[in-house]
Amino acid sequence: MILNNLAITNFNDVVRHRSTFYAHYQDKDAMVDHFENQILTDIRGLMNDHLEETMKFQSISDHSFQTYPVVDQIIEYINHEFDLIRVLLGPKGDHHLEEKVESLLMEIIDADLFRLKGKMGMTREIPDNFAHKIIVSGLMSIIKVWLLEGNPESPEEISKIIMKTRYMSPYDLLGIDEKPTKKAISQRKG
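Using the UniProt record's numbering, read the sequence shown as starting at 1 and increasing by one per residue.
Read the hints as simulated data drawn from the structure, not as lab findings. We treat Cβ as the ideally placed atom computed from N, Cα and C, and that holds for glycine. Hints may contain errors.
To be verified - With a cut-off of at most 35 Å between alpha-carbon atoms, the simulated DSBU-like pairs for lysine-lysine come out as follows:
hint, residue 1, residue 2
1, K117, K133
2, K119, K28
3, K164, K144
4, K160, K117
5, K164, K117
6, K92, K119
7, K117, K92
8, K160, K119
Claimed, not checked - What follows is a list of derived Cβ distance ranges for each label pair:
hint, residue 1, residue 2, range
9, I134, A111, 15 to 23 Å
10, F114, P91, 18 to 26 Å
11, L84, Q187, 50 to 58 Å
12, F114, R166, 29 to 37 Å
13, H34, D177, 44 to 52 Å
14, I134, D83, 39 to 47 Å
15, R124, H96, 17 to 25 Å
16, F82, D29, 41 to 49 Å
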């Protein structure tokens with residue numbers, strides 16, 4: 001983890017004196033914990049009591065398709081804290097933070113599903129643990145690509161990508177509109 005390679009002296013540009021750092025944090029791990037806990041608290045605050053509004057079906061072909069305010073708010077938050085979150089969730093960051101964010105998302109999704117449906121189960125087609133992982137890892141993957149690429153898309157574009165992918169099947173993502181016909185298959189071979 002990149003954070004393991006940090007020394008307090010790396011903060012000389014930010015903090016004037018070593019004692020200033022230690023007045024706020026016991027050590028670098030305490031500082032990382034502080035920032036991670038703040039991120040989790042902020043995300044929970046943005047999502048609490050707002051996710052239920054996201055559990056309404058939309059068609060991406062519908063001209064009234066909209067991003068949900070809670071998605072916009074979270075993406076704006078990530079954009080505001082971009083450099084910090086990029087370090088913490090990046091390839092050399094703290095993988096425990098990603099696990100904590102995923103757990104938080106699953107917890108909030110379950111609570112809002114219960115409020116919406118009166119029960120906690122997801123689809124009957126696959127076990128809940130798989131459905132959870134598909135939903136949450138899809139969200140996290142989009143955010144991590146955005147972080148790793150250094151923010152080339154605007155927060156609005158990322159919100160739209162997140163929203164659209166929630167309603168697209170893997171076939172849609174691959175650009176496969178329908179099952180290939182025998183004629184199309186034979187044309188590829190010949």
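Against the structure, test the hints numbered earlier, and report the numbers of the ones violated in rising order. 2, 6, 7, 10, 12, 14, 15 and 16
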